[in-house]
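With the hints as your guide, set chain G onto chain L.
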Amino acid sequence: MPLRTSRARRARLSLLTAGTASLALLATACGGSGAGGSSSAPENFDYLSVTENTTVKTALTTMSKDACKAANDALPLKVETVPQASLDQKLQLLAGQDALPVQFAAGNAPALTQQLAKSGKVADLEAKLKELGVLDQLEPAAVSTIKALYGGELQVLPYEYNIEGIFYNKKVFADNGIKVPGTWEELVSAAAKLEAKGVQPFSASGQQGWPLTRLISGYLYRSLGPDALQKVADGKAKLTDPEYVKAAEEVAALGRKGYFGKGVGSIDYDTAMNQFLTGKAAMFYMGSWALANISDDKQNKIGAENTGFMPFPAVTGGKGSVDQYPSNVGLGITFASKSFDKNTGDWVSCIAKNYGSTALKDHGSISGFKVNTEVKDANEVTTQVRDTISSSKRNVLWFEALFSTKATTVSQQNAAGLVSGSTSPEQFMQTVQDALAAQ
Amino acid sequence: MHRVLGDRRAIALLLGPALLVYSLIMLVPMVWSLGYSFTKGNTINGFTGNGVANFSRLLDDPAVHDALWFTLKYAVVVTAGQVAAGYLLALLYVFFLKRASALVRTLVFFPVVLPTVAVGLLFQKFFQVAPQTGPVNSLLNAVGIDSIDFFGSAGSAFWVLIAMDIWRSMGFYAVLLFAGLVDIPDEVLESARLDGATGLRLVRHIVLPLSLPVLMSSLIFSVNGTLKVFDSIVALTNGGPGTGTTPLTLYMFQTSFTYSDYGYGSTIALLLTVVCLLVSLVVYRVSRRDLTEG
Numbered sequence: 001m002p003l004r005t006s007r008a009r010r011a012r013l014s015l016l017t018a019g020t021a022s023l024a025l026l027a028t029a030c031g032g033s034g035a036g037g038s039s040s041a042p043e044n045f046d047y048l049s050v051t052e053n054t055t056v057k058t059a060l061t062t063m064s065k066d067a068c069k070a071a072n073d074a075l076p077l078k079v080e081t082v083p084q085a086s087l088d089q090k091l092q093l094l095a096g097q098d099a100l101p102v103q104f105a106a107g108n109a110p111a112l113t114q115q116l117a118k119s120g121k122v123a124d125l126e127a128k129l130k131e132l133g134v135l136d137q138l139e140p141a142a143v144s145t146i147k148a149l150y151g152g153e154l155q156v157l158p159y160e161y162n163i164e165g166i167f168y169n170k171k172v173f174a175d176n177g178i179k180v181p182g183t184w185e186e187l188v189s190a191a192a193k194l195e196a197k198g199v200q201p202f203s204a205s206g207q208q209g210w211p212l213t214r215l216i217s218g219y220l221y222r223s224l225g226p227d228a229l230q231k232v233a234d235g236k237a238k239l240t241d242p243e244y245v246k247a248a249e250e251v252a253a254l255g256r257k258g259y260f261g262k263g264v265g266s267i268d269y270d271t272a273m274n275q276f277l278t279g280k281a282a283m284f285y286m287g288s289w290a291l292a293n294i295s296d297d298k299q300n301k302i303g304a305e306n307t308g309f310m311p312f313p314a315v316t317g318g319k320g321s322v323d324q325y326p327s328n329v330g331l332g333i334t335f336a337s338k339s340f341d342k343n344t345g346d347w348v349s350c351i352a353k354n355y356g357s358t359a360l361k362d363h364g365s366i367s368g369f370k371v372n373t374e375v376k377d378a379n380e381v382t383t384q385v386r387d388t389i390s391s392s393k394r395n396v397l398w399f400e401a402l403f404s405t406k407a408t409t410v411s412q413q414n415a416a417g418l419v420s421g422s423t424s425p426e427q428f429m430q431t432v433q434d435a436l437a438a439q
Numbered sequence: 001m002h003r004v005l006g007d008r009r010a011i012a013l014l015l016g017p018a019l020l021v022y023s024l025i026m027l028v029p030m031v032w033s034l035g036y037s038f039t040k041g042n043t044i045n046g047f048t049g050n051g052v053a054n055f056s057r058l059l060d061d062p063a064v065h066d067a068l069w070f071t072l073k074y075a076v077v078v079t080a081g082q083v084a085a086g087y088l089l090a091l092l093y094v095f096f097l098k099r100a101s102a103l104v105r106t107l108v109f110f111p112v113v114l115p116t117v118a119v120g121l122l123f124q125k126f127f128q129v130a131p132q133t134g135p136v137n138s139l140l141n142a143v144g145i146d147s148i149d150f151f152g153s154a155g156s157a158f159w160v161l162i163a164m165d166i167w168r169s170m171g172f173y174a175v176l177l178f179a180g181l182v183d184i185p186d187e188v189l190e191s192a193r194l195d196g197a198t199g200l201r202l203v204r205h206i207v208l209p210l211s212l213p214v215l216m217s218s219l220i221f222s223v224n225g226t227l228k229v230f231d232s233i234v235a236l237t238n239g240g241p242g243t244g245t246t247p248l249t250l251y252m253f254q255t256s257f258t259y260s261d262y263g264y265g266s267t268i269a270l271l272l273t274v275v276c277l278l279v280s281l282v283v284y285r286v287s288r289r290d291l292t293e294g
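Those protein sequence lines, which keep their order, are chains L and G.
Going by the numbering used here, the letters in the first sequence line up with residues 1 to 439, in that order.
Going by the numbering used here, the letters in the second sequence line up with residues 1 to 294, in that order.
Bound-form chain L, shown alone:
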């Protein structure tokens, strides 16, 4: 082959490669969000849920057969689940393809739902509920918690409404002569007494991380007042400020003294729950969703009547008060704007009127919807919690409530290290503050 031709061929080949490469580079620059789809009638009432939460999908399935049968016939319920850890990824993928399901669990961090709302993919629930005439079916406390979380807008429905506190084993307390602690100092000395008698004071899941960071935020709200973490979100305070680091130090001290038992970083959620319900630990910080487990005789070996509930204790000289319960709406559930049509509206009306009583009766699960048919409480602790919810005036959020996805993950991943002593309190707060500043 003459040299000239082969050189020309090589030149052509390199030109072609360069052309393809630059085309690809240009395509990434121009590739943006997918084309907005027009409103399309859904064929099923698709519900994307998390695997770990069985209550909501079971209750919806029950309702689809009796109370909401008419709505179900028009738009059949179809449930799909993903593990909670992959929920955010899945939602982003679906949002990018403009294929969000009719109803779906909002992301792990409220920031994701707010992003979706800003891009118009989430239905304006307040307007839709007013239109359907069922806005009054939501408990006011639930609505205010949602608005605090989602930038002042009602972006999710309160299928769950939970307050958090410390469940305790009444018999263990009585046997060891411990009164219900009213202050943080009393709590720590109660834990010391229990540890001395060979009883594990606290059960917590270090693998999940958030049961430990809840203790930090609980202390912050009690010592600095109910806007302690809003100040951090607004940039008026930093987590590395000394009064904030103190909270991390207090929780690290609990871990240092061994009050969480061995290897807290490997304990997952179910194991921690189990440790408390089989009497191996005396106290368990958890939310009222745990009432479902506590009311279940198969799981609760210490007995529901033996399970007590106390609010997170006060900090002496602190600005917060004991009746400000940390509360949340579980994994909020929201609707895609594209597929919110008349049939979806019928489903939503039915859910708003009936979900409260169905969930409470079948699962002992407390929701943010009004309970329209009277339900008898399974045990004393459920009554205590329900009464507390209906009488609560000012509630507070939790540590990662106003964080980005990255800061939430970083906080929950490093919590076990704080408690086991491999991360110092200053380092922990610095790491989380850095993650907050990054995005």
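No wet-lab data here; the hints were simulated from the structure.
Here the structure is a predicted model, which is why all the values come from computation and not from measurement.
Honestly, I wouldn't trust all of these hints.
Said to hold, decoys possible - Calculated pairs, DSS-like style, for lysine-lysine (alpha carbon to alpha carbon, straight line, at most 25 Å):
1) L/K118 - G/K125
2) L/K193 - L/K280
3) L/K193 - L/K171
4) L/K179 - L/K319
5) G/K40 - L/K280
6) L/K90 - G/K40
7) L/K338 - L/K353
8) L/K179 - L/K280
9) G/K125 - L/K262
10) L/K370 - L/K147
11) L/K128 - L/K118
12) L/K342 - L/K128
Below, chain G without anything else, positioned relative to chain L:
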């Protein structure tokens, strides 16, 4: 044959489909990802240009430095361990277990075939300290040592990871190096033995130099694979405790898909590519020299 392979059109026809698939699946996404590293955003909000901000962030980010250091540390230790263990096993097969070696070779190779997640779960249970004391801690308790929380600190978690990966892959390298050792002609070994070389001296002066090509290939293969480790780490510790065992691959995955920061994630991927490229260049330099000479 010469006529077919000498004809350019024939070559194009034969290579074309495979080259097209390779370009579409491997090359185009790589260049696309390079493009992403100059942007910021995610699939919901779209992507906007970001200049070189991602690159300056890369230089300052302590998490990237930690991940890079962990990746290099892991690659060196695991490669050394895997190849050394494989070589010792291969010597065992050749010199001690002459007839039973087939059975032993298969048994030691078996972990290579197991799914990484299964092996990860196995080692998690083996070394656990809560809720139940695992076998390793029970053994330590039996000789009077307190239980150790292996996954509670980055150091001990690192060594469990190393143990798991070496246990899993040493069978593979043993078989690979065994093939290389078997190639050494018997006459050479015989004559060396006649000259009085036995045991360690035989290995050091005869066997090692003659098996150097296979040894080098194993090292190259191993380094390449361990720099890009992902599944072992996710299966065993998921980067924990905290970010103590997070390599660049896992950090890139989390940045892109969990924190939805695709631009920065692509930049980290670029860093990893550059590291692999540097290692490959070093490898080419070393292997250019003819290994069978001296």
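Taken at face value, is the distance from the CA of L/K353 to the CA of L/K338 at most 25 Å? Distance of about 24 Å is within 25 Å: holds.
Decide if the proposed pair is consistent with the structure: L/K342 and L/K128, CA atoms, cutoff 25 Å inclusive. holds, 11 Å
For the pair supplied as a hint, G/K125 and L/K262, confirm whether the alpha-carbon distance does not exceed 25 Å. Roughly 15 Å between the alpha carbons, so the hint for G/K125 and L/K262 holds.
Tell me if the straight-line CA distance from L/K193 to L/K280 falls inside 25 Å. holds, 15 Å
With the threshold set at 25 Å, check whether the alpha-carbon distance from L/K193 to L/K171 stays at or below it. holds, 15 Å
Does L/K90 pair with G/K40 here, judged by a C-alpha cut-off of 25 Å? holds, 20 Å
Do the alpha carbons of L/K118 and G/K125 lie within 25 Å of each other, as the hint requires? Given pair L/K118, G/K125 is violated - Cα atoms ~45 Å apart, limit 25 Å.
For the pair supplied as a hint, G/K40 and L/K280, confirm whether the alpha-carbon distance does not exceed 25 Å. violated, 49 Å
Hint check: L/K179 vs L/K319, CA-CA at most 25 Å. Holds or violated? Holds: L/K179 and L/K319 sit about 24 Å apart, inside 25 Å.
Going straight from one Cα to the other, do L/K179 and L/K280 come out at no more than 25 Å? Between L/K179 and L/K280 the Cα gap is close to 19 Å, so the pair holds against 25 Å.
CA of L/K128 to CA of L/K118, is that 25 Å or under? holds, 17 Å
Compare the distance between the alpha carbons of L/K370 and L/K147 with 25 Å, and conclude whether the hinted pair is satisfied. Given pair L/K370, L/K147 holds - Cα atoms ~18 Å apart, limit 25 Å.
This entry does not satisfy hints 1, 5, going by the numbered hints stated previously.
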